[in-house]
Amino acid sequence: MDPVDLSIIIVNYHHSHILSDCLESVYKTIEKIQFEIILVDNSSKDDGLKSILKHYPKTQYIKNSNNIGFSRANNQGAKIVSGDFLLFINPDTTMIEKAVESMLNYIRSDSSIGVLGPKV
Numbered sequence: 001m002d003p004v005d006l007s008i009i010i011v012n013y014h015h016s017h018i019l020s021d022c023l024e025s026v027y028k029t030i031e032k033i034q035f036e037i038i039l040v041d042n043s044s045k046d047d048g049l050k051s052i053l054k055h056y057p058k059t060q061y062i063k064n065s066n067n068i069g070f071s072r073a074n075n076q077g078a079k080i081v082s083g084d085f086l087l088f089i090n091p092d093t094t095m096i097e098k099a100v101e102s103m104l105n106y107i108r109s110d111s112s113i114g115v116l117g118p119k120v
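FYI, the numbering for the sequence shown is 1 to 120, going by this note's numbering.
All clues given are correct.
Think about it this way: if two alpha-carbon atoms lie no more than 25 angstroms apart in a straight line, the pair counts; the simulated SDA-like pairs of lysine to any residue are: (1) LYS28 / GLY83; (2) LYS63 / GLU24; (3) LYS54 / ASP21; (4) LYS50 / VAL81; (5) LYS28 / GLU101; (6) LYS54 / ILE80; (7) LYS119 / TYR106; (8) LYS79 / GLN60; (9) LYS28 / ILE18; (10) LYS50 / ARG72.
Simulated DEER-style distance windows between Cβ atoms: (11) ASP21 / SER112: 34 to 40 angstroms; (12) SER112 / HIS55: 38 to 44 angstroms; (13) HIS14 / SER109: 37 to 43 angstroms; (14) ASP46 / ASP110: 40 to 46 angstroms.
Because the hints were derived from the structure by calculation, they are not lab data. As the structure is a computational prediction, the values presented were derived from the model and not from experiment. Where a beta carbon is used, it is the ideal one built from N, C-alpha and C, also for glycine.
Construct the complete structure from the given sequences, taking the supplied hints into account.
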């Protein structure tokens, strides 16, 4: 297995209807980077997640028995990453082509950068 450059953490709570589009955009737009996806579910009660996880079997899944909140869920995901860099996105995020590659190239070019975010 190749080393992971980027760990993408997504916190979900009742958003499976848009999460699928988010994951699709990640897989379509990130081409030259080894990445992993960690999906932290804050006790969603919808059945849409089952089909999403079947469609994206490489997604690491953490199921919480109750809603622990957005920040704690992100920290929970961050504890299990293997990537050199972390990218926190919401389930309604749609990635654009080359955006992640550009951000990673930029942060790698200057070791004084600790945090980087895209223009929204």
